[in-house]
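Enquirer: Here is what each chain is made of, one letter per residue.
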Amino acid sequence: MASITLRVNGTSRTVDVDPATPLLYVLRNDLDLHGPRFGCGLGQCGACTVIIKGEAVRSCIRPVSTVAGAEITTLEGLAQNGTLHPLQQAWIDEQVPACGFCQNGQIMTAKALLDKNPTPTDAQIRQGMANTLCRCMTYYRIQSAIKRASKTMASSKTTASATRAESEVIA
Amino acid sequence: MTATRRDFIKTSGALVVGLSVAGDLVLDAQGTGAGPYPDLDYKQLDSWIVIRPDNTATFFVGKTDLGQGTGTAFRQIMADELDMPYDKTSCVMGVTDVTVDQGGSGGSDALQTDGYPMRRVAAEARRVLLEMASARLGVPVAQLAVSDGVVSVAADPSKRVTYGELIGGRKFNTTLTGSNINATTGQARLKDVNQFKIVGQSPQRYDVPAKVDGSLKWAVDAKVPGMLHARNVKPPVAGAKLVSIDESSVKDVPGLVKVVSKGNYVAVVCEREEQAVQAARQLKVNWEKPAAAAFPTSENLYGFMRTAKPTSSTSPSVVGNPDAAMMTAAKVVEAEYEIPFQGHTSIGPAHAMADPSNNQLTIYSNDMKSYGMREGVAQFLQMPKDRVRVVWMEGPQAYGRTAADDAGFEAAYLAKELGRPVRVQWMRNEETAWDTKGPAFVVKARGGLDAQGNLVAFDYDARAADFGHLGYNEADTVLIAQLMGIRPSTPNRGSSAVPNEMYAIPNRRMTTHVVSLPTVWETPLRTGNLRDPNGPQSPSRPSRSSTSSPQPRRSIRWSSG
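If you read the protein sequences in the order shown, they are chains X and S. Mapped onto our numbering, the consecutive letters of the first sequence carry residue numbers 1 to 171. Mapped onto our numbering, the consecutive letters of the second sequence carry residue numbers 172 to 732.
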């Protein structure tokens, strides 16, 4: 066992675990963060995805000791000040989930995708999401939701920069 | 009625918010429902509907939602008959001690069959509330109007009273009638279709927000203090027998609590999850493998099925005169189809948690038939049924009889053995190997076309490998029973069924035979209902599924070309 400090969703959390423990089990069992889920334990399905340093990472095969100190974001950390992330809102607006079990991985993978490429084409979305599996076949709704979120984020950015420009003019 | 839990729900204002998520309610309420857990009386209105002083309602239904959004539909139906706003209602599903036994889910009939008693009890609640309002406001029922849970005098709307004021926090004590749960009814007349305000709308599913913000507690999240983690260790090949276990092989695994074995069932139980994973990998088990594989290889499967003597056959389902029509057909098209075993391979491998506190047993499970699991586990562990309850919580989508049944029994067995709460989680390879399989089929199909290319004759002859020898939650066919060497008193020969054929083909014959595989009770090829049992094999596939229809339908197009 070893004392390991993690930065999760903006908060420091210290756990006393075997350093080889997969991050997934620490998040779920020690930190009560249930967004990431066990689907395969092999890094193949994506249900356990979290974001570490901007990258979508499969937490089921990532030893906890390798991510000490790194900024980790889970599904629970996407909403800011009680406001859902545009992707989460788009997921509701498009009614994406059937059962919803895999959707943590879909949303987190989409988040990392949009952070790198805010306006992906259909082909880029398909490529970016290709290895995140859904047994309910919600892929088409996932695609629609990502496009919707992309538009929302672009228009809020435009509004923000317009407001900024305006205030600069006034100043 | 299980008084403690229901009264808790009714009187605790703090729980009203939590009620939007059934799982939270159930977990938070733990300790208040310490058992026993007698069956709920479906003939009591209070078993179905609770209205609180703040004029909100909760519906208790004995169904489960496997990702189709049926809970939302139940709320629409019941809110509409009751004249409550949809967003002032909530729905609790499939928790055996707080919801009536509507059998859980199956057969895609949740709305067409089970929606009716829900609709009638909601209408009855409205009728009773109107009578109470009549007494309170001093005018006959006929002169009252209801809207959004508020009853008012039609001629003087300032005279009004809410449902919450009339009944909130108290029981209806209204007895219903009906010889079975599907026939449950009160005295109220149902609304005409044109009076519906909520049915026919498409509200957003209420379960979606908590699924996208990470707040929903699923069956995989069930956790209580002192809970242990278990992993199974399965036989390496079909027919392998356990000879011995070398427990020294795991003595260095930290947190190891116990190696459990009985017959060929083996599990390791540890304080932490990753420890159980490690122990299961590390445990040295000496298995005696069968001298020769009793089983056809994958390459020889269909050959075996074609030549083996069927263990059962259906009487052919015949319409018209298929032989004569085939003889006179302008063209006959014939084909054979080989359909492999298909696993359910759920996106989340099988799991369950069982808590043996207070000498009772609570199983937290996503099993679509929570009531059947309660019954089966009580039988398997020889416990009185009223000491067992199953708390249904959301899980990965199911397509029929999944390994959720098996994991529930395993958790229950281990919890009882250890006297502590135990969570069982299957690994991915275990799910792929041992979950229920849709049976392999060999199908011979012939179609006769007339000169215009119309299908006038159809002959369908199918062979299935052990079609559906597993029932749901059966104490003598669940995997742990199979591995412990328990066998059904009457060996299941497999049930064969002829697929529904919806097309108007004037002359047809359809037959299904079952071919039993060797070592059927030792293999992981455990066949059961996989969505649309016997449907994928039928050339023109009817719209029937076990639970849900996530995949596009496919049919074979007949052409004269």
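Do not rely on the hints blindly, as some may be mistaken.
Over the 10 Å line for every Cβ pair with chain S, so calculated as not near, a few chain X residues [stated by the list, open to error]:
1) 95
2) 104
3) 126
4) 130
Incomplete in silico selection of chain X near chain S, CB under 10 Å [to be verified]:
5) 17
6) 28
7) 34
8) 38
9) 39
10) 47
11) 75
12) 85
In short, the hints are calculated from the structure, not lab data. Remember, it's a predicted structure, so these values are computed and weren't measured experimentally. Backbone N, C-alpha and C fix where the C-beta goes; we use that ideal spot for every residue, glycine too.
Enquirer: Confirm or reject each hint.
Expert: Evaluated hints:
1. With a least CB separation of 6 Å from chain S, residue 95/X falls inside the 10 Å interface cut-off, contrary to its annotation.
2. Non-interface status of residue 104/X relative to chain S is broken: a Cβ of that chain comes within 10 Å, the nearest being about 7 Å off.
3. Annotated as non-interface, residue 126/X keeps its C-beta farther than 10 Å from every C-beta of chain S; the closest such distance is 18 Å.
4. Distance to chain S confirms residue 130/X as a non-interface residue, since its nearest Cβ pair spans about 16 Å, more than 10 Å.
5. Look at residue 17/X: its Cβ gets to within about 8 Å of chain S, closer than 10 Å, so that hint holds up.
6. Of the supplied interface hints, the one on residue 28/X holds, with its beta-carbon coming within about 8 Å of a beta-carbon of chain S, less than 10 Å.
7. Below 10 Å, beta-carbon pairs count as interface contacts, and residue 34/X has one with chain S at about 5 Å; its hint therefore holds.
8. For residue 38/X, the suggested interface contact is upheld, since its CB lies about 7 Å from the closest CB of chain S, less than 10 Å.
9. Interface hint status for residue 39/X: upheld, as the beta-carbon distance to the closest one in chain S is roughly 6 Å, under 10 Å.
10. For the restraint placing residue 47/X at the interface with chain S, the shortest Cβ-Cβ distance is roughly 6 Å, inside the 10 Å limit, so the hint holds.
11. Interface hint status for residue 75/X: upheld, as the beta-carbon distance to the closest one in chain S is roughly 4 Å, under 10 Å.
12. Because the beta carbon of residue 85/X sits about 9 Å from the nearest beta carbon in chain S, less than 10 Å, this interface hint is met.
Hints 1, 2 from the earlier list are contradicted by this structure; the remaining hints agree with it.
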